[in-house]
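Residues 27 to 203 (our numbering) make up the sequence shown, in order.
Derived from the structure by calculation, the hints contain no laboratory data. Every residue gets a Cβ at the ideal spot worked out from N, C-alpha and C, and that includes glycine. Among these hints, one or two may not hold up.
Claimed, not checked - In silico lysine-lysine, DSS-like type, Cα no more than 27 Å apart, as pairs:
no., residue 1, residue 2
1, 30, 86
2, 150, 190
3, 81, 202
Claimed, not checked - Computed beta-carbon distance windows for the label pairs:
no., residue 1, residue 2, range
4, 118, 72, 36 to 42 Å
5, 121, 194, 39 to 45 Å
6, 157, 87, 27 to 33 Å
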Amino acid sequence: MVKKYSLDSEKVASASLEWLLARGVQLEEIAELVLHAQREYYPNLLMEECLGAVKRVLSKREVQNALLLGIQLDILTEEGKLLPPLLDMLIYDEQLFGCDEVLAFSIVNVYGSIGFTNYGYFDKTKPGVLARLNNKDSGEIHTFLDDLVGAVAASACSYIAHRKQAEAETLLKANKE
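Sequences are here, hints too, so could you generate the full structure?
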């Protein structure tokens, strides 16, 4: 008889956060990306709000799954445990290899068009922590992680935009009453 599989969701959440931190990414660095992108639209936006949005995004199982898969592939690449030509494509972050972006899309798709457009901005400009993760001189492989971190930040931007819109609508309704 096959044993019934039961996954502990807390273990998945904990592992995704631990792996992110172990790869040198602090949640505050992701929140800085969010603040950088959203301050133009919300001048009074606080770092604490951005950090809260990042944590909210990271609480989603789809996001955790993508992080675990992408980080594991980066680690296996560093250890040389993948077969060529895939190994070479990941080591050199081959331009025509788009699976890292596709995995990141699985995160931003949870958060709609605002997340998607912000992801494109982060992927193109590589601000903050993304520049460090994209730097090939460190000896570390972050072929997936740079895109995943950008997707988390972009999704947090979307979360904030939707929350701010809801707050504005609530205020407008209250003023009409």
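Hints versus structure:
1. 30 with 86: This hinted pair holds, its Cα atoms lying about 24 Å apart.
2. 150 with 190: Holds, because 26 Å separates the two Cα atoms, which is no more than 27 Å.
3. 81 with 202: Distance ~34 Å between residue 81 and residue 202 Cα, so the pair is violated.
4. 118 with 72: 36 to 42 Å: Distance hint for residue 118, residue 72 holds at roughly 40 Å.
5. 121 with 194: 39 to 45 Å: At roughly 41 Å between Cβ atoms, residue 194 and residue 121 fall inside 39 to 45 Å, so the hint holds.
6. 157 with 87: 27 to 33 Å: holds, 29 Å
In this structure, only the earlier hint numbered 3 is contradicted, and the remaining ones agree with it.
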